[in-house]
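A.B. asks: Given chain A's structure and the hints, the job is docking chain B with the ligand onto it.
Below, each chain spelled out in residue letters.
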Amino acid sequence: MNRIQRTFARLREQGESALIPYIPVGFPAAETSESLIRTLCESGADLVELGVPFGDPLADGRVIQDASTQALANGTTLRACIEMVARLRPSYPELPFILMGYCNSFLAYGLERFAADAVEAGVDGLIIPDLPSTMADPWVEIFRPHALDLIFFLAPTTSEQRAAATMSKGSGFLYCISVNGVTGEREKLPQELPAFLKQARAATDLPLCVGFGISSEEHVREISRHADGAIVGSALIRVIQQAAPDQLEGEVRSYMQRLKNATKPITQR
Amino acid sequence: MEGFYGKYGGAYVAETLIGNLEELEREYLKVKDDPDFRAELAKLLKDFVGRPTPLTPLHAISAEIGRPKIYLKREDLTHTGAHKINNALAQALLAKRMGKQRVVAETGAGQHGVAVATACSLLGLDCVIYMGAVDAERQAPNVQRMKLHGAELHLVHTGQKTLKDAISEAIRDWITNVNDTHYLLGSAVGPHPFPNIVHDFQSVIGLETREQILEQEGRLPDCIVACVGGGSNAIGMFSPFLEDEEVRLIGVQAAGKGFDTDKYAGPLIKGRPGIFQGAHTYILQNSDGQIGKSHSIAPGLDYPGVGPQHSYLKDIGRVEYTFIQDHEALHAFEYLCHKEGILPALESSHAVAYALQVAATMDEGQILVVNLSGRGDKDLSQAIEALARLKEKEASVS
Ligand SMILES: Cc1ncc(COP(=O)(O)O)c(C=O)c1O
Numbered sequence: 001m002n003r004i005q006r007t008f009a010r011l012r013e014q015g016e017s018a019l020i021p022y023i024p025v026g027f028p029a030a031e032t033s034e035s036l037i038r039t040l041c042e043s044g045a046d047l048v049e050l051g052v053p054f055g056d057p058l059a060d061g062r063v064i065q066d067a068s069t070q071a072l073a074n075g076t077t078l079r080a081c082i083e084m085v086a087r088l089r090p091s092y093p094e095l096p097f098i099l100m101g102y103c104n105s106f107l108a109y110g111l112e113r114f115a116a117d118a119v120e121a122g123v124d125g126l127i128i129p130d131l132p133s134t135m136a137d138p139w140v141e142i143f144r145p146h147a148l149d150l151i152f153f154l155a156p157t158t159s160e161q162r163a164a165a166t167m168s169k170g171s172g173f174l175y176c177i178s179v180n181g182v183t184g185e186r187e188k189l190p191q192e193l194p195a196f197l198k199q200a201r202a203a204t205d206l207p208l209c210v211g212f213g214i215s216s217e218e219h220v221r222e223i224s225r226h227a228d229g230a231i232v233g234s235a236l237i238r239v240i241q242q243a244a245p246d247q248l249e250g251e252v253r254s255y256m257q258r259l260k261n262a263t264k265p266i267t268q269r
Numbered sequence: 001m002e003g004f005y006g007k008y009g010g011a012y013v014a015e016t017l018i019g020n021l022e023e024l025e026r027e028y029l030k031v032k033d034d035p036d037f038r039a040e041l042a043k044l045l046k047d048f049v050g051r052p053t054p055l056t057p058l059h060a061i062s063a064e065i066g067r068p069k070i071y072l073k074r075e076d077l078t079h080t081g082a083h084k085i086n087n088a089l090a091q092a093l094l095a096k097r098m099g100k101q102r103v104v105a106e107t108g109a110g111q112h113g114v115a116v117a118t119a120c121s122l123l124g125l126d127c128v129i130y131m132g133a134v135d136a137e138r139q140a141p142n143v144q145r146m147k148l149h150g151a152e153l154h155l156v157h158t159g160q161k162t163l164k165d166a167i168s169e170a171i172r173d174w175i176t177n178v179n180d181t182h183y184l185l186g187s188a189v190g191p192h193p194f195p196n197i198v199h200d201f202q203s204v205i206g207l208e209t210r211e212q213i214l215e216q217e218g219r220l221p222d223c224i225v226a227c228v229g230g231g232s233n234a235i236g237m238f239s240p241f242l243e244d245e246e247v248r249l250i251g252v253q254a255a256g257k258g259f260d261t262d263k264y265a266g267p268l269i270k271g272r273p274g275i276f277q278g279a280h281t282y283i284l285q286n287s288d289g290q291i292g293k294s295h296s297i298a299p300g301l302d303y304p305g306v307g308p309q310h311s312y313l314k315d316i317g318r319v320e321y322t323f324i325q326d327h328e329a330l331h332a333f334e335y336l337c338h339k340e341g342i343l344p345a346l347e348s349s350h351a352v353a354y355a356l357q358v359a360a361t362m363d364e365g366q367i368l369v370v371n372l373s374g375r376g377d378k379d380l381s382q383a384i385e386a387l388a389r390l391k392e393k394e395a396s397v398s
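Chains as they are written, first to last, in UniProt numbering: chain A, 1 to 269; chain B, 1 to 398.
Bound conformation, chain A alone (with noise of 0.2 Å):
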């Protein structure tokens, strides 16, 4: 079992759901990411989600392509991203981290490179919004072997035939998209949700993490009924925005305990 396995396996044993912070790596500054990371760490993050910023984020929202570009301002490369999980390792011995990033940041660092160094570092696993299953063949060749986990999509329109494909090339978690759309916050959970995710749940054992929208406790509350995580970006990073910069690591411990709660069984909140 790899720590991602382990993550899920304690948490089922537990009766908890995941809770994945999503966060540009160098965002808001390139002096305080590190310290801004470790809060996510240790305030409830079971799995944590680094971003390495791309200039033209197709699948993302406003919010997360403006937090982007300023981390892209601040000097973010995909080595410092590396880097960056490198220095977290051995302060989190059990904690798995996630690369999210687009297509051409691997590609221009030279795939078999970065499974490499990703792996050394104490990498665990890729989210790549814009590598879909039917293109990733290659790249599921490369990471494979260094058991770097390469995690999939799973959307609404995603038909019976490719979501069997997707769960068999895909390791790690399956990523549910609640919503058609770019990453964001939204007011109200689709009511689709729950037999989009029964559906999922019905083909694959893979653990079923839902992401883009999620806001809030209750949002949290009610993916943690159907699904086995729940993925918070643009919401945290608003919280990070606006905070005011004493009390900057006090709101965010505050929003992720909060939504920590909130994975947990009733009895245990």
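Treat the hints as calculated values from the structure; they're not laboratory data. The model shown is predicted, which means the values in this text are computed figures rather than measured ones. Note that CB positions come from ideal geometry on N, CA and C, so glycine has one too.
Here are some of the chain B residues that sit facing chain A, going by a computed Cβ distance under 10 Å:
#: 1; residue: ASN20
#: 2; residue: THR158
#: 3; residue: ASN179
#: 4; residue: GLY289
#: 5; residue: GLN290
Derived pair list, reagent style SDA-like, types lysine to any residue, alpha-carbon separation capped at 20 Å:
#: 6; chain 1: B; residue 1: LYS7; chain 2: A; residue 2: ASP137
#: 7; chain 1: B; residue 1: LYS161; chain 2: A; residue 2: ASP66
#: 8; chain 1: B; residue 1: LYS7; chain 2: A; residue 2: LEU111
#: 9; chain 1: A; residue 1: LYS198; chain 2: A; residue 2: ARG12
#: 10; chain 1: B; residue 1: LYS161; chain 2: A; residue 2: ALA73
C.D. replies: Just chain B with the ligand now, kept in the frame of chain A:
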């Protein structure tokens, strides 16, 4: 249908769009050989677009250069004034067949936006156009036209505020409204099956040219030149000649203010293969894989990527790709206006400029065809200002 040209192409997009792309491919394959669709499109191309466009011999310029006979394929004479209408109308018809009532599109020079707005107005479809704020400023007449045809125009203020950012926003809109919306992509770029579809719908340019040159000259041309932004007018022109090894094919990219400055486009010359906006293809990028800034005086050529088939044709050496700078395009723009009474788009002026250079190396009796992809009305004020600045600068140097 194949999603790749060699290693180039593919569909590197968000999972949400895959179902839609598969549907598009299915529906396209259905209409491709459907006589009803073909007949309806042919009729619209004739009665509405004004096809076939002429193949015009350039007597004055040919006489002045004294070498090959030069012809222009007159896409500038289509309704709305550029080759973009061929593809826009055909895809709008396809969208209608697919039962999509809403169309989104991007535009750089505004020619594609105008063509889409026109086609949607003709066919009764809802139309949403994304345009970079910088492009909207330099192509003001086209902005007005789109609005008159009833299009909803969204100016894009992110990134470089030009074509690439307009494409990104159009794709985001499409991801969000995937069920009822067709994305009407304007060049031979993006994820499969778009490069294929645009290639097919633009091939009418080359097919007509082939027929016309055989009729007028009794043989194929020795050389064909077209400008390459995303690459749709060029691929449409080249496509029916790809098997004719004796026909030299030249694609002209925009070198902006020159490759020794930081203001140029031309990914086939200065780029590296990578993945951008849905396809594996040559792109301008830095060592970290971030997409490069691009510049051309011609907004339609101001794009850091290129259609994947061009990447393939470059690698196998079937098409030569070269470049022309802003000032050379401006001189060609003025020269064609002055000598032949034809006002070319700044994009097309790149092809004209290079064609004039090639002509000087060709022999008498040879035939050179230039694709005049569009007319320059949209560029008038920009071009006149730039020419005035250019002459001032040239006068101060000499
Ligand atoms: C007149 C004209 N020519 C050429 C182009 C470049 O596009 P492509 O390379 O797809 O033909 C444009 C794009 O807007 C255009 O308006």
